[in-house]
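K.L.:
In case you want the letters, here they are:
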Amino acid sequence: MSGQAAAPRRSLVWERRRRAFAEFCREYARNRAGLAGLAGLVVLAAIALSAPLFIDPAGLTVTGGSGGRFESPSARYPLGTDAFGRSVLAMVVWGARISLTVGFLATFVSVALGTLIGITAGHFGGWSANVLMRVTDWFAVLPALVMAVALAAVMSRSTVTIIIAIGVTAWPATARIVRAQTLAVEARPFIERARALGGGHGHIMLRHVLPNVMPVVLAQTTLLVAESIIMESTLAFLGLGDPATISWGAILQEARTAGAVSSGIWWYLIPPGLAIAFVALAFTVCGRAVEAVFNPRLRERR
Amino acid sequence: MTRSAAPAATGHGTAPGTPRGGRRGLSPTLRYLGGRLLTAAVSLLAVMVTSFFLFRVLPGDPVQALTQGRNVSVAQLEALRREFGLDKPLPQQFVDYCLGLLRFDFGTSYQYRVPVADLIAERIGPTLLLAGTGTVVAALIGLSLGTGAAWRRGSVMDRVNTGVALTLYSVPSFWLGLLLIVVFASGIGLFPTNGMMTPGVTGALPVALDVAHHLVLPVTTMVAVVYAQYMMVMRSSLLDEMGADYLTTARAKGLRDSLVLRRHAVPNALLPTITLIFLNLGRVASGVILIETVFAWPGLGSLFYSGLKVPDLPTVQALFVVFAGAVILMNLLADVVYPLLDPRVRT
Chain L
7 MSGQAAAPRR SLVWERRRRA FAEFCREYAR NRAGLAGLAG LVVLAAIALS
57 APLFIDPAGL TVTGGSGGRF ESPSARYPLG TDAFGRSVLA MVVWGARISL
107 TVGFLATFVS VALGTLIGIT AGHFGGWSAN VLMRVTDWFA VLPALVMAVA
157 LAAVMSRSTV TIIIAIGVTA WPATARIVRA QTLAVEARPF IERARALGGG
207 HGHIMLRHVL PNVMPVVLAQ TTLLVAESII MESTLAFLGL GDPATISWGA
257 ILQEARTAGA VSSGIWWYLI PPGLAIAFVA LAFTVCGRAV EAVFNPRLRE
307 RR
Chain R
86 MTRSAAPAAT GHGTAPGTPR GGRRGLSPTL RYLGGRLLTA AVSLLAVMVT
136 SFFLFRVLPG DPVQALTQGR NVSVAQLEAL RREFGLDKPL PQQFVDYCLG
186 LLRFDFGTSY QYRVPVADLI AERIGPTLLL AGTGTVVAAL IGLSLGTGAA
236 WRRGSVMDRV NTGVALTLYS VPSFWLGLLL IVVFASGIGL FPTNGMMTPG
286 VTGALPVALD VAHHLVLPVT TMVAVVYAQY MMVMRSSLLD EMGADYLTTA
336 RAKGLRDSLV LRRHAVPNAL LPTITLIFLN LGRVASGVIL IETVFAWPGL
386 GSLFYSGLKV PDLPTVQALF VVFAGAVILM NLLADVVYPL LDPRVRT
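Just so you know, the protein sequences line up as chains L and R, in that order. Its first residue numbered 7, the first sequence is counted upward by one per residue in our numbering. Its first residue numbered 86, the second sequence is counted upward by one per residue in our numbering.
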């Protein structure tokens with residue numbers, strides 16, 4: 007009996023989700039800036055993923071450069087060469103892989119942490135919530151850059167360290183937003199219904215609160231990726247990244263130590279910075295578009 | 086605790102004839118302030134403890150880093166260790182550190198061999214100058230552009246302003262600084278790109294002009310990256326106000342549009358922006374680390390960065406406390422100032 011009832015109910019749920027997603031896409035598509043940002047990100051992700059097909063990583067090691075030092079842009083090296091005779095274009099394309107990976111993973115760490123703490127604090131309330139929110143407040147007070155720099159310096163120099171340093175410093179904002187949203191959701195009658203039907207804490211948090219908190223989390227995630235990518239480049243620029251990996255910040259740091267600034271080697275300095283700005287802008291624009299879909303108050307009133 | 090207990094004690098002592106409303110109005114305010122102060126004090130304490138233990142795990146031995154390249158005997162290394170107090174057990178070091186903090190004694194810098202407090206006193210001026218000028222300029226630009234953008238929402242000016250602000254917001258500040266250096270150092274040579282003063286300049290006015298001249302590029306970099314936040318917040322909070330009934334009333338009274346904007350809408354919309362400015366003020370001190378590093382500005386940020394490499398433990402942990410303390414202080418100020426500015430949240 008219950009088995010027969012479950013199947014149509016599940017398809018009903020899927021039907022509802024499909025419709026909600028279509029509605030989301032329709033609303034999102036009305037935001038032209040958001041569409042442009044999304045298109046830019048898709049193109050960039052495609053380039054980053056297919057980079058190994060047309061770039062040989064051997065040519066990107068310090069000793070593997072094939073050109074001369076600081077060659078200006080030519081047909082062979084469209085963006086010139088760096089201090090070690092490597093093609094700047096190849097370096098920037100390859101750097102997209104690290105920068106995007108770190109940006110996504112760091113955001114994932116911080117959003118997961120923030121969501122977990124936010125939902126827990128919002129659901130349980132009482133003294134445990136108080137303790138959690140005090141910890142959140144305290145983390146929010148620590149200056150993110152100083153904390154990330156300190157953490158990156160304390161742990162060994164690797165990409166994982168950078169991911170942890172960003173993830174650990176960026177979560178308080180997410181936790182606060184998620185907690186506020188959790189409180190708003192839990193005040194609604196369907197949570198009371200779920201509780202009356204015997205739903206436990208885990209069931210309510212996972213099946214009822216989480217799906218309703220997700221929209222806020224999604225918008226927050228998109229905006230955080232932009233911040234994480236800038237933070238990654240900052241830490242790499244300060245010389246705290248893994249010296250062997252090529253990220254946009256690391257390229258800029260190498261350019262600075264090689265004296266590209268004082269001798270005005272613009273083709274070494276401009277491309278990585280433009281890449282960072284482009285990706286950060288694209289994510290910011292997408293994040294604002296997502297926010298506008300879920301929060302109609304933000305939508306442009308025409 | 087004593088602060089929050091005080092109003093309750095005086096409350097019991099009031100003569101029967103005094104109006105009760107006054108007592109009721111005073112006590113919650115003081116309790117609110119006391120609570121905020123207590124929270125701030127606890128945060129500061131936590132920051133001090135974190136600072137000590139966080140930097141103890143830094144890799145590298147400061148004594149070895151300082152004597153690198155020189156011929157030193159084991160006995161000399163031991164003497165140096167004893168001088169820094171690094172030979173004592175960690176709990177003892179922690180107690181010494183806490184006792185020192187009570188007397189505002191942050192210890193002696195390993196690299197400069199002077200008290201850290203003196204070092205900070207010497208470097209805090211340039212940082213405040215840079216961060217303060219940058220914040221004021223960014224806030225003025227952000228507020229006026231945000232007001233204009235919201236008032237003419239959807240116009241070409243609004244779109245261009247929002248687009249430019251978002252783009253600059255996405256640019257890493259250090260990269261913008263590097264580009265400015267390339268343009269102005271190897272290109273035009275209009276502004277100095279390094280340090281805060283030209284050596285040899287004397288006299289009050291020439292020095293002031295010289296510092297202002299050096300300030301141009303770092304402040305430009307900072308403003309370009311920061312003003313977008315103020316602009317976007319001002320724009321959205323003014324947009325929130327624009328649907329309000331009191332603006333319709335003001336217009337119905339026959340006020341001109343510019344007066345409605347200036348006298349009625351802007352003062353209300355300013356509130357969230359002012360909070361943001363306060364919250365950001367605490368962060369700019371650490372936020373200028375990058376700009377100071379790029380422009381070799383002799384402030385706290387570059388001190389922190391150079392100290393991290395040794396590691397110069399007393400300097401780095403003191404600066405950590407200073408940076409986090411600035412945020413705590415500004416949060417506290419925002420909490421205190423907000424009720425004064427906005428009667429609606431006064432209780």
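It is worth saying that the hints were derived from the structure and are not from the lab. Computed from a predicted model, the values in this text were never measured in an experiment. All C-beta atoms in this analysis are idealised placements derived from N, C-alpha and C, irrespective of residue type, glycine included. Check the hints yourself; a few may be wrong.
Here are the in silico distance ranges between beta carbons for each label pair [what the hints assert, rightly or not]:
| # | chain 1 | residue 1 | chain 2 | residue 2 | range |
| --- | --- | --- | --- | --- | --- |
| 1 | L | Leu41 | R | Pro284 | 53 to 63 Å |
| 2 | R | Ala381 | L | Ser164 | 21 to 31 Å |
| 3 | R | Asp325 | L | Gly132 | 48 to 58 Å |
| 4 | L | Val141 | R | Ile209 | 55 to 65 Å |
K.L.:
List, from low to high, the hint numbers that the structure doesn't satisfy.
P.N.:
3 and 4
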